[in-house]
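Colleague: Letter by letter, the chains look like this.
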Amino acid sequence: MYNITAVIVTNNRLDLLKEAVAAVKAQTYQPKQIIVVNNESTDGTAEWLDNQTGVHVIHQKNLGGSGGFFTGIKSAVSMNADWIWVMDDDTICQKDTLQILVQKLELLNKPVGFIGSKCIWKDGSPHLMNLPAIMPSFNKKISFNKYDDKRLLLIETNSFVSILINSKAVKKVGLPYKEFFIWGDDQEYTRRITKAGYLGFYCMDSIVLHKTGVNYFPDFYRDNVPNLWKHNYGFRNEFFMVKKNKGFIFFIFWLVIKVIYTSIKLLIIRKDDQLKFLRVLFNSAAKSIFFNPKISYV
Amino acid sequence: MKEVIAVIVTYNRFSLLKKAIAAIEKQTYPIKEIIIVNNGSTDETVAWLANQNKFKVIYIKENTGASGGFYHGIKAAASMKMDWIWVMDDDTICQENALKFLMDKAPKIHGKLGFIGSRCNWRDGEPHLMNVPNIKPVFNKAIPFNYYDQYNLLLAESNSWVSLLLNIDAVRDVGLPYKEFFFWSDDLEYTQRITQAGYMGFYCTDSIVLHDTDKNYCPDFYNETINNVWKYKYGFRNEFFLKRKSKGYIYFAFWLIAKVGYTSYKLIKIRKDHQFKFIGILFSSAWESIFFNPKIEKVHLI
Numbered sequence: 001m002y003n004i005t006a007v008i009v010t011n012n013r014l015d016l017l018k019e020a021v022a023a024v025k026a027q028t029y030q031p032k033q034i035i036v037v038n039n040e041s042t043d044g045t046a047e048w049l050d051n052q053t054g055v056h057v058i059h060q061k062n063l064g065g066s067g068g069f070f071t072g073i074k075s076a077v078s079m080n081a082d083w084i085w086v087m088d089d090d091t092i093c094q095k096d097t098l099q100i101l102v103q104k105l106e107l108l109n110k111p112v113g114f115i116g117s118k119c120i121w122k123d124g125s126p127h128l129m130n131l132p133a134i135m136p137s138f139n140k141k142i143s144f145n146k147y148d149d150k151r152l153l154l155i156e157t158n159s160f161v162s163i164l165i166n167s168k169a170v171k172k173v174g175l176p177y178k179e180f181f182i183w184g185d186d187q188e189y190t191r192r193i194t195k196a197g198y199l200g201f202y203c204m205d206s207i208v209l210h211k212t213g214v215n216y217f218p219d220f221y222r223d224n225v226p227n228l229w230k231h232n233y234g235f236r237n238e239f240f241m242v243k244k245n246k247g248f249i250f251f252i253f254w255l256v257i258k259v260i261y262t263s264i265k266l267l268i269i270r271k272d273d274q275l276k277f278l279r280v281l282f283n284s285a286a287k288s289i290f291f292n293p294k295i296s297y298v
Numbered sequence: 001m002k003e004v005i006a007v008i009v010t011y012n013r014f015s016l017l018k019k020a021i022a023a024i025e026k027q028t029y030p031i032k033e034i035i036i037v038n039n040g041s042t043d044e045t046v047a048w049l050a051n052q053n054k055f056k057v058i059y060i061k062e063n064t065g066a067s068g069g070f071y072h073g074i075k076a077a078a079s080m081k082m083d084w085i086w087v088m089d090d091d092t093i094c095q096e097n098a099l100k101f102l103m104d105k106a107p108k109i110h111g112k113l114g115f116i117g118s119r120c121n122w123r124d125g126e127p128h129l130m131n132v133p134n135i136k137p138v139f140n141k142a143i144p145f146n147y148y149d150q151y152n153l154l155l156a157e158s159n160s161w162v163s164l165l166l167n168i169d170a171v172r173d174v175g176l177p178y179k180e181f182f183f184w185s186d187d188l189e190y191t192q193r194i195t196q197a198g199y200m201g202f203y204c205t206d207s208i209v210l211h212d213t214d215k216n217y218c219p220d221f222y223n224e225t226i227n228n229v230w231k232y233k234y235g236f237r238n239e240f241f242l243k244r245k246s247k248g249y250i251y252f253a254f255w256l257i258a259k260v261g262y263t264s265y266k267l268i269k270i271r272k273d274h275q276f277k278f279i280g281i282l283f284s285s286a287w288e289s290i291f292f293n294p295k296i297e298k299v300h301l302i
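Here the protein sequences come in this chain order: E and L. No gaps in the numbering here: position 151 of the first sequence is 151 in the numbering used here, and each next residue is one more. No gaps in the numbering here: position 277 of the second sequence is 277 in the numbering used here, and each next residue is one more.
I should point out that these hints are in silico values taken from the structure, not numbers from a laboratory. Quick caveat: nothing in here was measured; it's all calculated off a predicted structure. Be careful, since some hints might not be right.
Said to hold, decoys possible - Each computed DSS-like pair below joins lysine-lysine, with the alpha-carbon atoms no more than 30 Å apart: (1) E:LYS140 x L:LYS266; (2) L:LYS136 x E:LYS258; (3) E:LYS230 x E:LYS243; (4) L:LYS32 x L:LYS18; (5) E:LYS140 x L:LYS245.
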């Protein structure tokens, strides 16, 4: 038996959370513990959680998805989990989601860093926000399709919407950046794990429902104004990653070109609220220059 | 039942060719006709093929490279009455069900289907490094790559010739491969042309072929042997030409300077022998790519 801890991060979505927790409790392969990180919900989530049995609840300030996963993964490792099964409060697992992930792990006699589920939307088609990144040659070494007879693909990154993470990898690479707040945290973290030499997998047979209102991938040029604030974090985190990977000098040149290119494209594509959108772009570019989060280790 | 024509391109590899043909003849899905393109072979292939009446043989006097071979083979197949063209090299040894699995998948797809490629293994059962498909999270910026993965199908932007099933509608729509490429990047260009024309391309994980090469390797310019370096004349020229074609001359000019500069710099850092020879190849192919202007030829129906 694997010692698995499930981690769910929630913020003001009590109805969805109830469904998500029920789905985890109904797994044919049971995690040893369930941790729910409550990101300062104000909709009665806290009271509901405090009355649940079999759920370890952590209340904290709203630190975004990143801060939630940071806390959840950290607690799971300190509770001696071997594997940490991470998801959002709008992730509704199928009964055998975890069992299939575990079965696949047993087929592999290798240092696996993580294994992610297939994430679908309400209509059964794949969710556009949760697609893994595939390179022909994983880590420039192994063909991505080496294990596809087991219906597993080697991937460079995966989203946090149902992913089973090896606690050995967590101990080696540290925790996700809580400062990301939202967006880009899962990509950065899973890439950090694969770059450290662990294998990352996408599992076609383990399936979860990502129950969002629409199935869409945020597109800066066409996004609506209520969603715009999220791009503050998206851009800042994306730019920070370039700085981290390529060094400061390359980053500065790259940033100038990127901001100019994105501005021109924005002005061509959208005709309303141009200034609002440009402001977000320039603000996050400026912030990314001084944004320097540090990795915390467990 | 949908009709399939198999196309094998061969050049001076008689014993492999016989194995490849034997594997095709054992397929569990019926093949209407086998076309063998004899791409200027000078070994026993010529005499042997002359005595065969089971196949349609296309003789080309001089070796025209894989690109020329596939051009002639697909052209011949496309003028016949059928639904699918199944192309491969003479060192491709298919498993018995390779075609059946490909054909079983076609009806599962809704929409325009362009090609389905097999999984290509080396002798030890590992994937062949020369034949790994290119997968993007969102295919053609429209469909998630895993939309059909319950059928062991992944949407792929491009695929190699080494077991590739082509839909005749797509071939008639986008034309023939560039024969002028000679070799390298011809399959990448052709399959991308098909997907960019709005057809879906797939990699099929359970249709399996053996790519029977001596080594399992993907060509790497920086660490290449001196005997193989001439191949990069074509490789670079084709790669650069594709950049020019997709991005236009102005972008291409800047890109080419940066690319040649960077590649030369990297080469000098990585390898210590034959530096001039290697850089000479790089520069001459960059020069050629400026004037290289092959034209796409359409299929003529008979």
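Colleague: Now look at each hint and say whether the structure bears it out.
Modeller: So, going through the hints one by one against the coordinates:
no. : hint                : in the structure
1   : E:LYS140 x L:LYS266 : 17 Å, holds
2   : L:LYS136 x E:LYS258 : 22 Å, holds
3   : E:LYS230 x E:LYS243 : 20 Å, holds
4   : L:LYS32 x L:LYS18   : 19 Å, holds
5   : E:LYS140 x L:LYS245 : 28 Å, holds
In terms of the numbered hints stated before, the structure departs from none.
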